[in-house]
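Asker: With the hints in hand, could you dock these two chains into one complex?
Taken in sequence, the protein lines are chains A and B.
Here the first sequence is numbered in the UniProt record's numbering, starting from 1 and rising by one per residue.
Here the second sequence is numbered in the UniProt record's numbering, starting from 1 and rising by one per residue.
Heads up, some of the hints might be wrong.
[Unchecked claim] To be clear about the criterion: a stretch of chain A counts as covered by chain B if any three or more of its residues have a C-beta under 8 Å from a C-beta of chain B, and this derived list gives those stretches: (1) 77-87; (2) 116-126.
[To be verified] If the Cβ cut is set under 10 Å, some of the chain A residues that face chain B in the computed set are: (3) L57; (4) A61; (5) L63; (6) Q65; (7) A91; (8) I94; (9) S95; (10) F96; (11) S100; (12) L103.
Simulated from the structure, these hints should not be mistaken for lab results.
Note that this is a predicted model, so its numbers are computed, not measured.
Beta carbons are placed, not taken as given, at the ideal position from N, Cα and C, and that holds for glycine.
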Amino acid sequence: MTLPTTDEIILEAQHVAKWFPTQDQRLNLFSDLNLRVHTGQTLAIVGRSGAGKSTLLSLLAGLDQPSEGQIYLAGHQLATLDDRTRADLRARQISFIFQSFHLLPELTALDNVRLALEIRGDRHADEQARHWLSEVGLGNRMQHYPAQLSGGEQQRVAIARAFATQPALLFADEPTGNLDEETGHQIIEQLFDLNTRENTTLILITHDPELAARCQRCVTLHAGQLHEATA
Amino acid sequence: MKGFRLLLLHQISSQLRTTEWRALLFATWIAIALATLLALLGDRLERGLLRESAAMLGADLTLSSQRPIRNERLEHAQQAGLEHTQVIQFPSMIHVGDEMMLVSVRAAESPYPLRGEIRTRPEQPHAQPPAGEVWVESRILSQLELSPGDQITLGYAELRIGAEMLSSPDRGSGFRSFSPQLVMHQDDLEATGILAPGSRAEFRLLVAGDQSSLELLEQAWRDSLQGDERLFSLHTDQPMTGAALGSALGYLKLTALIALLLAALTIFLSLRRFSQGQHKRCALLLSLGLNGSDLIKLYLCQLLLAWGTLSLLGTLTGVLLEQLILTWLNELLPQALPTPVLWRYFSGTAMGFALLILLGLPPILQLSRISVSSLFRDEILGSDTRAQLIQFSCFILLAAALLTFLEAPLAALTLLVLILVGGALFGWIAQQLLRLLAAPLGRKLLLGRLLTLRLRQQKRWHRLQAGVVILLMTLLSLVWISRTDLLADWQTQIPEDTPNYFVVNIQPWQTEPLQHFLSEQQISSQLYPMVRGRITTLNGAPIHEQLNPQQLEHNTLNRELNLSWSDQPPAHNPVTAGRWWDSDSDDAEISVEQEMAEELGLVPGDRLGFDLGGLTLEARISNLRQVEWTSFQPNFYVIFNAAALEQMPATFITSFRLTPEQESIATQLLREFPSLTLIDIGQLLQQIATWMERLGDSSALILALTLLCGALLMLLTLRQALEQRRYESALLQTLGASAAQTQRLDLLELLLLGAVCGFLAVMTAEGTLALLYLYLLQLPPKLHPLMWGLLPLASTLFFTLSGAVLRRQLTLPQCYRLLRSA
Numbered sequence: 001m002t003l004p005t006t007d008e009i010i011l012e013a014q015h016v017a018k019w020f021p022t023q024d025q026r027l028n029l030f031s032d033l034n035l036r037v038h039t040g041q042t043l044a045i046v047g048r049s050g051a052g053k054s055t056l057l058s059l060l061a062g063l064d065q066p067s068e069g070q071i072y073l074a075g076h077q078l079a080t081l082d083d084r085t086r087a088d089l090r091a092r093q094i095s096f097i098f099q100s101f102h103l104l105p106e107l108t109a110l111d112n113v114r115l116a117l118e119i120r121g122d123r124h125a126d127e128q129a130r131h132w133l134s135e136v137g138l139g140n141r142m143q144h145y146p147a148q149l150s151g152g153e154q155q156r157v158a159i160a161r162a163f164a165t166q167p168a169l170l171f172a173d174e175p176t177g178n179l180d181e182e183t184g185h186q187i188i189e190q191l192f193d194l195n196t197r198e199n200t201t202l203i204l205i206t207h208d209p210e211l212a213a214r215c216q217r218c219v220t221l222h223a224g225q226l227h228e229a230t231a
Numbered sequence: 001m002k003g004f005r006l007l008l009l010h011q012i013s014s015q016l017r018t019t020e021w022r023a024l025l026f027a028t029w030i031a032i033a034l035a036t037l038l039a040l041l042g043d044r045l046e047r048g049l050l051r052e053s054a055a056m057l058g059a060d061l062t063l064s065s066q067r068p069i070r071n072e073r074l075e076h077a078q079q080a081g082l083e084h085t086q087v088i089q090f091p092s093m094i095h096v097g098d099e100m101m102l103v104s105v106r107a108a109e110s111p112y113p114l115r116g117e118i119r120t121r122p123e124q125p126h127a128q129p130p131a132g133e134v135w136v137e138s139r140i141l142s143q144l145e146l147s148p149g150d151q152i153t154l155g156y157a158e159l160r161i162g163a164e165m166l167s168s169p170d171r172g173s174g175f176r177s178f179s180p181q182l183v184m185h186q187d188d189l190e191a192t193g194i195l196a197p198g199s200r201a202e203f204r205l206l207v208a209g210d211q212s213s214l215e216l217l218e219q220a221w222r223d224s225l226q227g228d229e230r231l232f233s234l235h236t237d238q239p240m241t242g243a244a245l246g247s248a249l250g251y252l253k254l255t256a257l258i259a260l261l262l263a264a265l266t267i268f269l270s271l272r273r274f275s276q277g278q279h280k281r282c283a284l285l286l287s288l289g290l291n292g293s294d295l296i297k298l299y300l301c302q303l304l305l306a307w308g309t310l311s312l313l314g315t316l317t318g319v320l321l322e323q324l325i326l327t328w329l330n331e332l333l334p335q336a337l338p339t340p341v342l343w344r345y346f347s348g349t350a351m352g353f354a355l356l357i358l359l360g361l362p363p364i365l366q367l368s369r370i371s372v373s374s375l376f377r378d379e380i381l382g383s384d385t386r387a388q389l390i391q392f393s394c395f396i397l398l399a400a401a402l403l404t405f406l407e408a409p410l411a412a413l414t415l416l417v418l419i420l421v422g423g424a425l426f427g428w429i430a431q432q433l434l435r436l437l438a439a440p441l442g443r444k445l446l447l448g449r450l451l452t453l454r455l456r457q458q459k460r461w462h463r464l465q466a467g468v469v470i471l472l473m474t475l476l477s478l479v480w481i482s483r484t485d486l487l488a489d490w491q492t493q494i495p496e497d498t499p500n501y502f503v504v505n506i507q508p509w510q511t512e513p514l515q516h517f518l519s520e521q522q523i524s525s526q527l528y529p530m531v532r533g534r535i536t537t538l539n540g541a542p543i544h545e546q547l548n549p550q551q552l553e554h555n556t557l558n559r560e561l562n563l564s565w566s567d568q569p570p571a572h573n574p575v576t577a578g579r580w581w582d583s584d585s586d587d588a589e590i591s592v593e594q595e596m597a598e599e600l601g602l603v604p605g606d607r608l609g610f611d612l613g614g615l616t617l618e619a620r621i622s623n624l625r626q627v628e629w630t631s632f633q634p635n636f637y638v639i640f641n642a643a644a645l646e647q648m649p650a651t652f653i654t655s656f657r658l659t660p661e662q663e664s665i666a667t668q669l670l671r672e673f674p675s676l677t678l679i680d681i682g683q684l685l686q687q688i689a690t691w692m693e694r695l696g697d698s699s700a701l702i703l704a705l706t707l708l709c710g711a712l713l714m715l716l717t718l719r720q721a722l723e724q725r726r727y728e729s730a731l732l733q734t735l736g737a738s739a740a741q742t743q744r745l746d747l748l749e750l751l752l753l754g755a756v757c758g759f760l761a762v763m764t765a766e767g768t769l770a771l772l773y774l775y776l777l778q779l780p781p782k783l784h785p786l787m788w789g790l791l792p793l794a795s796t797l798f799f800t801l802s803g804a805v806l807r808r809q810l811t812l813p814q815c816y817r818l819l820r821s822a
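For reference, chain B alone in the conformation it holds in the complex (with noise of 0.2 Å):
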């Protein structure tokens, strides 16, 4: 015993200055690291804004409605025994003399909230804020250099801050959960002035109590649950807020299997050659007596003991990386996170243990099948069918792992997948690429002669480096892009004169004194009405019994839409089939956006049917239009005539640009209308900004791992195929080619290579950003000429630089003594 563990160190000890044993360790380093933050980060953000969903909702259970809550619905909770309230959450422009902000407020009944508490600073004695006083987050305190005692105005009511909020349930959903957030009670709002019948806010009732009666509630309300309502609870949906964040983690998880992917590649290849290099060593070990079970047992132990240390420095390092990302997004995140479950800890090390012993073990059960007689002469281990079989299993087994690890299986196995045959597809034209430029050099050149023999002979070394340097090179181009030009791009490419303001909640009293003032501030605006209301039937008939379920999925059949009327048809929407009505047409008739036509398969002459709060109301498509919704003006996806709508009680929407220097106009306008709601786009686009720029940050992190694990590969590989040149290059030169000769065919060969694969990264970067321009943007695809010059710079310079510091000129004498001993 004492033997093989002195035999176990030994081997240990000189196998730590082998490059394979080495980048093995690292990759397998890097990998734990990598999954340890995102189990760690994954669970903090899961069971913070997710899992803790009663805190979260701040209730058992939520229903949600843009409209006020019904009657019925309070009843209901009321028979049932249980404890409820209610909250109206809307967006709202808060403003501290000439200083303005927009921010979400929520305006609560008592008690509040049910589960969970309101988190404040300094520590109040009431759960939420009495009347008179509002509770804000730190965001709203710093940019207007509040403190808690300082007034606000809110509408037509100045509160007082009562306490900086450092954590709060309830935060409601959407994007508005995002925003900077103020609690007040509800008995203030109607001082405030902001709500009137048919603003735009988001209605809650609160439920909390006895898990049975719970769950009956619940069952009733859902099967009745109407068009502009929702249901949160513990066990169903989520919060937006959640929903938002889970898709941000799904995305750095998403980044992140191509690290490991490219981890567990650099581990699969090290241990290859690492075992490759054993045999002799296996065999001598046989010939001193010990069998095939001591060798499995002495090169597991070698494994175990590597994975128990890399599995105390990986876990150490993710924790490290975890907290750094948590300091980038800690002043936007919600709330406090809470800390991670015990075992989260350990899930790298089962990552790193997947990796190390799913992939170790078949080579490990091959040097078990060493005979002593490969001291005497060189064998090579077939690979049989068992041996094959186990391989294999492996593979599907670690596979298995990471899907599972990335908790999204589906959207990770298509990833997956687009990175293997990606890998293969770009390897396979990178080497045709190779063959196609190397033609013309070996008619001219004897140089291009032996770069035609050394393209044929080094193929699959090719195919795997070009493969693996494209999809890192895209991934990295991609990112950047995405993290300079692609927003900008899309900022200048909004005109001059885009709107930058937006008004709701504008009451039909309000239009004639409002229109007066933007005037007077030679502002130019258009109102528009503003009825809400659902699509129920088409031509007759319940719109869900003649649409198939692709249709039925569209956004506009699913929630209430802003209907709008007009006379005259909007500027900017030009009218694309049939024609728009006299002004004096007294059928109901109706304007249809053009997309939504072509995704229903609506044409001029349907007649659609519409639940406008109760009231039914059926009318003829007239004409379609065409809609640029990134225009920021006001959209509708459709326009009634006046006769058909203008009976209905409406608010009023407007949009208008303020230049830097109108800004205070904004102050003004709030001063003399205190409750209209206005908008800043500015400052929403710079929210989603803000929080696009940290995840950006996150994601460029977990880049930069599989940056260092793709490098790492490349290295490997690298230094691999130049040990083999070595020996090719010894050859070369013993078969009359002088030393300048096979350095230059390495030096061509890497150059081609690198610029083969930069042209590549780049057309692909380029193919992918031109699909985002066009659907994602809606902008005509652009080039990117730095791009064009940096990639191939880059590559060629990578290959090269690298071939040249880690190649190694053979004398002649050393070629000869390098022949004889191989």
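So that you can see chain A by itself, here it is in the shape it has in the complex (with noise of 0.2 Å):
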């Protein structure tokens, strides 16, 4: 399969280092860390338990800033960014999906992928979210709570969210984590198939080998430094 790429560079890392003061050391975690992401491309991050798989995404993502190191997200180099600026760029190119869904337990599955567009200032956040939720099958759950759905469901609700606000790049954390086999299977389906028609960036973070083998590039996050392995 092949998947839409470009050359203009999304994401790159560039000597990023993160460690964690301790009360007599410092605990490093990854140090002189380098990686470039293309615009379309599909990145799959993979390392053992405590390697700091997590971290880097959030990292990358903005969430967090690197102790040493810069890190450029479209174009703009974050550490840089102010706090609005920063929210502005997570709320227009960077969607997330998590391993525990993260569905507000009050909000019907049409609020909860509102909910994102509202942030941005959408000014047709309903109209998009009954699209989005239509385009991963959900056209007819659309006034159901969390608990009313399935974790397959309550998942692809998450990935609605995501596409929703059309991000330039996609975080997925352990995406198919809390799902069984065949629904997890399902959802990676739906995935890339919604991130090859919208031609989204995505990284993400998994310990199913199956499910990096999906993708364009892996890595390997071990012993604080990354080991690109060729798809």
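Answerer: And the structure:
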């Protein structure tokens, strides 16, 4: 399967290091880490538990600051952005899919998707949310609350929420971790299908080799260094 | 076993750090303290004033009448071989120099009392004051700056104060039992010249002796009780003192119901959240080898230990609070109260047990159903029918325990339903108002649109918070306004020239010199004749056969009425139907008070029959009159034409106003007419006001505990809500909102919630006050502008400030970590 990519670099990490101060020394999670991702690419980050995959993802998404080095996202040097601009960048360029779905329990599926659109001030939030819920096959479950949906359906709402804002970059953190194998497989299909159609750049963290194999690129975080394997 | 104990201790010490467990402990502590306080106070007041009726009555059986005791009654008591004695009680002013004081005088024959004893300081060799001597309560001594050995003037008699009366039985019924009391020997009564035929006094026949003879006599008297007579015995009726204090206690208990409910709600919510937080721990313990019943035992032991410790603390607090309230009430209580019955000390402990165990059992049973697999994945324990049934049964048992504890099941149940329905209704209205307010914001602002979603998401929390806050603030405002404005409003609406003195027991031969005295002092007043009589027939047939049960309950049909006569309608009583009679009319005609006529269905032309001390008289209703009962003028339900009544023996009544500068006239009047009974309305109102104030202080203390419970509940739920908001805030920030936006969203939500709650509390308080003004004080309702400003402000400040203090802003890395760990 050929995925559309461009030469445009949407995400670049240069000499990134992250350490945490402990009582008498510092704990180095990784250092001198470099990564370049082109628009439309799919990238899997794999590694052992505790290797720092999630921390790396939070740095790449601008949710955390590196101890050293620079990260450029859609042409912006993240370290130079103020809180407001960074929030705006998240609202317009980035989306997340989590292992635990993270839907607000008191809101319907429709309102959960609308929420993301409302944050970016979308004037057609309701229309867009309906469209994306239909896209993920939940056109008839819009008014259902998360507790009334199965795990797979909840993750599809989360996917609809992620794609509804038409992000340039989609970060997925163990998106099938809470699902059984068959449902997980269906979710993967849907995710990649939408990714291809929308030409979104997808960066995902996973332990699942099958899922990692679906990505164009796969990097392993080991001993604080990224090792890229040929897909 | 040792391992179990270690596990239990470790569990308790670690859970002491959680908010839920702390809130639960605190709420239980307050509930136990409150229940102990009420049980002890209630027991002492009830046993002191109700249950120790023998000592209260001063006898085993008391016959009370507004007329001198009939000879046949005395003969009955004598024939039954029972000990008996007579007491006459009446209000009168005593004076010492220029100082005067309204007191309740008891003139008793010997022996007196028949049961219980009069305790005095210094102790006296006699059971009652000998002739020439009076025993008085401390209030009289302190107000008139007297001490034993001093002389006082009562009517024409000079009497010596023999002792200070510390406590005494047979205080009488009605408000007179609260007035400062003076006991004298009946041998001195004639010398005072106060009582004459027709004087206002209560005559009592006290009887004591063998139980079986007493029962026979009581039955015989009950069967032949006359309209002016009442019977008080150990087992049936209680004196009014007890009834009044019983009502006051009932009021305090109902106030406490709200606090107990709030405590129960806090405990319930804390336990629910606490047990939700225990799922993983239970699964872990199961995986380590414990079974379901071990888990039940573990958590039950934890609850029981908490209950034991809090019982001790709560009971101690309750005892201290009870002492505080008794200190406030001490000088007003008629006599020293008995020590509480031992088991009453355990009432709070029992209430604590009911609250903790009945509310705690269902979640604990739920915990035992956890499976080890929930260690690996999130499992939501479904609430099956059995669990729901257990929970429902526990709620019912708890409600029953509460109602039993309050000893007024019907009133408590009504209040319980009102609170629950009111709270739910207020919550729903508040939620709708919030939606209405957020809608226009949502059309214009991004924050408004997020707020709309937030309101949808937090609707349950908003309902609960609003319901509790509105109820509490309304209650607080009502107590506050009642204590400050209500009485003042009522007093200020009394016109300047309203009489402040009543003179009763004026004999016919005193009317002319009294009028002369008053006109010399340039005091305008009108004397009204008074005859006592009872309504017996309507249009020739017994009245009880013609009215429905509700009408037969009417105040005017179950007692003797003060009847008057006049050829002119009273200036302050406009005629509303029919016409006033001609002064030369010879037929018996009457004018009836309008409301009484409406309630009994009487119209001009009807004929009413009266029993006037054995004489019967029938008269035609000529007209209806409107009477302003709060005018402090002598007012009558029924006024006859002069021709019908003027031949009857009567006493006269009048009222007038003395300015503070004229107060010496009252002393002069009593010097010239010592046998008249002068009643200072100011002193009477002052006595009532003091009681109201002390009762207000006691209810304010309970209200303070209620507010504490309410504040605890609100802070607990607010804290829980803010914890949930941390998660939402993390999600919103990850989805693209800035930290400032999430902060503004939280504050806007809390600000609107506070304002809406304050506004609704004002509306509810004003509505309730309007009803009180209209129906209790019969005044036009008025707005309380200060409350309109203060309540919304206080409510808004409470929500926003506690939100600002309890809210913790998340940094972006924290947001992501929180979402990953959730």
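Asker: All hints are to be evaluated individually against the structure, with a verdict given for each.
Answerer: Quick rundown of the hints versus the structure:
no. : hint    : verdict
1   : 77-87   : holds (count 4)
2   : 116-126 : holds (count 6)
3   : L57     : holds (8 Å)
4   : A61     : holds (8 Å)
5   : L63     : holds (5 Å)
6   : Q65     : holds (8 Å)
7   : A91     : holds (3 Å)
8   : I94     : holds (8 Å)
9   : S95     : holds (8 Å)
10  : F96     : holds (6 Å)
11  : S100    : holds (6 Å)
12  : L103    : holds (9 Å)
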